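K.L.:
Fit chain U to the supplied structure of chain H, relying on the hints for placement.
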Amino acid sequence: MFNATILGQVFVNAVGLSAIYILVALGFTLLFGIMRVVNFAHGEFAMLGAFALFHLIKDWHWPWLLALPVGVTAVALASLLLEWLVFRWFYQRMFESMIGLLGLNMMMMFGAVLLWDVHERNIPAISNEVLMLGDIIVPVDRLIVVAIAVAALALFYAFIRGTRAGLAMRAAAQDLEIAETQGVDTRRIYKIAFFVAILLAALAGALWGQIYAVSPLLGERPLLMAFIVVILGGMGSIPGAALGGLLLGFTESFVGTFYGAAASAFLTFGVVIGLLIVRPWGILGTPEA
Amino acid sequence: MTPQPRQRLLWIVAAVFLIGWPWLTEDKFLHHVGVLIVITSIAAASLHLIIRTGHVSLCHTAFMGFGAYGSTISVMQFAMPWPVGLLVGMGLAAGVAALIGPIVLRLTGKYFVLITFLLGEVVRMAIVENAAITGGSNGIFNIPPPFPFLTNNRAYYYFALAFAVLGVGFCARLLTSEFGRAMDAVREAERLAECSGVPVIRLKVTVFILACALAGMAGSLQAHYIRFVGPEAYSGFQSLNLVVMNVIGGMSSLWGAMLGTVFMVTLPELLRGYVNLQQIMFGAILFATMAFLPGGLIEAGRRVAAFLRSRWPSTAS
Numbered sequence: 001m002f003n004a005t006i007l008g009q010v011f012v013n014a015v016g017l018s019a020i021y022i023l024v025a026l027g028f029t030l031l032f033g034i035m036r037v038v039n040f041a042h043g044e045f046a047m048l049g050a051f052a053l054f055h056l057i058k059d060w061h062w063p064w065l066l067a068l069p070v071g072v073t074a075v076a077l078a079s080l081l082l083e084w085l086v087f088r089w090f091y092q093r094m095f096e097s098m099i100g101l102l103g104l105n106m107m108m109m110f111g112a113v114l115l116w117d118v119h120e121r122n123i124p125a126i127s128n129e130v131l132m133l134g135d136i137i138v139p140v141d142r143l144i145v146v147a148i149a150v151a152a153l154a155l156f157y158a159f160i161r162g163t164r165a166g167l168a169m170r171a172a173a174q175d176l177e178i179a180e181t182q183g184v185d186t187r188r189i190y191k192i193a194f195f196v197a198i199l200l201a202a203l204a205g206a207l208w209g210q211i212y213a214v215s216p217l218l219g220e221r222p223l224l225m226a227f228i229v230v231i232l233g234g235m236g237s238i239p240g241a242a243l244g245g246l247l248l249g250f251t252e253s254f255v256g257t258f259y260g261a262a263a264s265a266f267l268t269f270g271v272v273i274g275l276l277i278v279r280p281w282g283i284l285g286t287p288e289a
Numbered sequence: 290m291t292p293q294p295r296q297r298l299l300w301i302v303a304a305v306f307l308i309g310w311p312w313l314t315e316d317k318f319l320h321h322v323g324v325l326i327v328i329t330s331i332a333a334a335s336l337h338l339i340i341r342t343g344h345v346s347l348c349h350t351a352f353m354g355f356g357a358y359g360s361t362i363s364v365m366q367f368a369m370p371w372p373v374g375l376l377v378g379m380g381l382a383a384g385v386a387a388l389i390g391p392i393v394l395r396l397t398g399k400y401f402v403l404i405t406f407l408l409g410e411v412v413r414m415a416i417v418e419n420a421a422i423t424g425g426s427n428g429i430f431n432i433p434p435p436f437p438f439l440t441n442n443r444a445y446y447y448f449a450l451a452f453a454v455l456g457v458g459f460c461a462r463l464l465t466s467e468f469g470r471a472m473d474a475v476r477e478a479e480r481l482a483e484c485s486g487v488p489v490i491r492l493k494v495t496v497f498i499l500a501c502a503l504a505g506m507a508g509s510l511q512a513h514y515i516r517f518v519g520p521e522a523y524s525g526f527q528s529l530n531l532v533v534m535n536v537i538g539g540m541s542s543l544w545g546a547m548l549g550t551v552f553m554v555t556l557p558e559l560l561r562g563y564v565n566l567q568q569i570m571f572g573a574i575l576f577a578t579m580a581f582l583p584g585g586l587i588e589a590g591r592r593v594a595a596f597l598r599s600r601w602p603s604t605a606s
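Going line by line, the protein sequences match chains H and U. For the record, in the first sequence the residue sitting at position 262 is 262 according to the numbering used here, with numbers rising by one throughout. For the record, in the second sequence the residue sitting at position 180 is 469 according to the numbering used here, with numbers rising by one throughout.
If we strip away everything but chain H, and leave its shape as in the complex, we get (with noise of 0.2 Å):
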């Protein structure tokens, strides 16, 4: 069953899972990084994210390529407001943040269980067309999304390395007192970087539910491969959500089809589970003093 078609198909899937756990992951490191808040609530603004394109394509019938980035930054700019309501109170309190945030993700869950119901729902396909590259298979659907979370990284990254905010962020991640000093304005950074964690987090709920399906209930996965990925690569690293995201997709991809999806959630949650215990900061984290 190794042969090179299904390695290659497996190898193109677990492109397009890593990308979407990336985008989760990254969000929630930049969060904990810059304001220690840990967002139990993570995986419910990447559902938002989901439902928001499902309205516009199907209830609007918006264009595809219009729907997505509109449907994102809306909810972003949404969440601007329960970053004003919620979790400001939470900033540089790592502990009350959890519990908190915990609280707060089973509002917007069940709040969506009320307004939408449980069932689940498919946006339609973007294309249905299949590209043969030799005996592989790649759904044109498939490529697109890959290429979509692609490119929201390369310009995370522009954003990160290349802006006097991105700059900022990085800075106050570092040392938010000296960053303070030397006229950081970490109220505006704060509102900055939650800004771009909900739209990364979003945009990967979005393209989840064009992968799977829509319901209130699609946060909970994401938040939980936003976990793996995070402690994996070391939370706070932002080259560590990259490689983390990486290994689980790959892994997921690989172990899944050719040994079951149980056979591959135990062996991450061990692998997980083992990494905590002999080195808790990750793979590219950096330990507390």
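Take the hints with a grain of salt, since some may be wrong.
Covered by chain H, per the in silico footprint, the following chain U stretches (three or more residues, Cβ under 8 Å) [what the hints assert, rightly or not]:
| id | region |
| --- | --- |
| 1 | 442 to 456 |
| 2 | 563 to 571 |
Sample of chain U residues lacking proximity to chain H, with all beta carbon distances greater than 12 Å (derived) [as the list claims (entries may be wrong)]:
| id | residue |
| --- | --- |
| 3 | Gln-293 |
| 4 | Pro-294 |
| 5 | Ile-301 |
| 6 | Phe-306 |
| 7 | Trp-310 |
| 8 | Pro-370 |
| 9 | Ala-421 |
| 10 | Asn-431 |
| 11 | Arg-462 |
| 12 | Phe-468 |
| 13 | Glu-479 |
| 14 | Phe-552 |
| 15 | Val-593 |
Here are some, though not all, of the chain H residues that point toward chain U, as calculated from beta-carbon distances under 8 Å [said to hold, decoys possible]:
| id | residue |
| --- | --- |
| 16 | Phe-90 |
| 17 | Met-106 |
| 18 | Phe-110 |
| 19 | Ala-265 |
| 20 | Leu-276 |
Please keep in mind that the hints were generated in silico from the structure rather than gathered at the bench. Since this is a predicted model, take the numbers as computed values, not measurements. From the three backbone atoms N, C-alpha and C, an ideal C-beta is built for every residue, glycine too.
P.N.:
Here is chain U on its own, set in the frame of chain H:
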């Protein structure tokens, strides 16, 4: 009046109330709520022990699950009497705790929360995957009561109450002992406690094992009362509910955990028709408590009392 007799009076009133109230009503539903509160109080008090050493565990109901499945399987498949089942369940929970405790308790704060969250998920998956033993997602039905005469809710209430007095009393006694003071020292300043000669890891592991064994007891009592076990009853969400009980009451005292238990068990039973709304409300309570009142209801009461005392100093002496 000196505080001593007043306290004794309070205890007598509490005891009379706990024993007497089931006779004030014939409503089976109220008796049922009473049983649930009493059983859950054991679980909440045992989680309180772990929290008092500075760790918030998100897999505590998994240990209730070990107790429930251990006791159910030994009673139903091996035809053991219930007391043996109870001991098997508690032993299973304590054994697993002794295995993982020394490893996971070295992690601090957020890492402990994350790893227990994942462990809870692993246990749930293990229950679902091993359907031959555990009945998988369907669970196990028609579990017999501990003793044949315990089919009545009121009778079961007294049965469970006896265990709760033992279990919660044990926690209370432990917390007021020198051991309990060492626990507080570990939570407040781990390094300092270690320097003062407190064996930190050994103490944490001991507390963890004791607390998990108590959780196993609660699990067994619950399984033989509800007469059904299934994986969803022991998932992360239920663990979270136990944490909520400790948080809204106030994490710094056992009274807080008891107050939280009464609140969190009664409310859902009264709001049966509005499951989703009730979860939203719990979420809101969780958020508001952590954001504005980390000391919980107990601290709120203290603040109100202090405020009243400052307004009317004459009445407070």
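K.L.:
Look at each hint and say if it fits the structure.
P.N.:
How the hints compare with the structure:
1. 442 to 456: n = 0 at 8 Å, threshold three: violated.
2. 563 to 571: Holds, because 5 residues of the region 563 to 571 of chain U bring their Cβ atoms closer than 8 Å to Cβ atoms of chain H.
3. Gln-293: Per Cβ check, Gln-293 (chain U) is outside 12 Å of chain H; nearest 37 Å; holds.
4. Pro-294: holds, 40 Å
5. Ile-301: holds, 37 Å
6. Phe-306: Consistent with the label, Phe-306 (chain U) stays out of reach of chain H, its closest Cβ about 32 Å off (over 12 Å).
7. Trp-310: holds, 32 Å
8. Pro-370: At about 35 Å from chain H, Pro-370 (chain U) clears the 12 Å cut-off, so the statement holds.
9. Ala-421: Nearest chain H Cβ is 14 Å from Ala-421 (chain U), so the label holds.
10. Asn-431: Fine: 28 Å to the nearest Cβ keeps Asn-431 (chain U) off the interface.
11. Arg-462: holds, 28 Å
12. Phe-468: Holds: least Cβ distance 24 Å, greater than 12 Å.
13. Glu-479: Check passes; 14 Å lies beyond 12 Å.
14. Phe-552: Holds, because the least Cβ-Cβ distance between Phe-552 (chain U) and chain H comes to about 15 Å, which exceeds 12 Å.
15. Val-593: holds, 22 Å
16. Phe-90: holds, 7 Å
17. Met-106: holds, 3 Å
18. Phe-110: holds, 4 Å
19. Ala-265: At about 6 Å, which falls below the 8 Å cut-off, the nearest Cβ of chain U leaves the hint on Ala-265 (chain H) intact, so it holds.
20. Leu-276: holds, 5 Å
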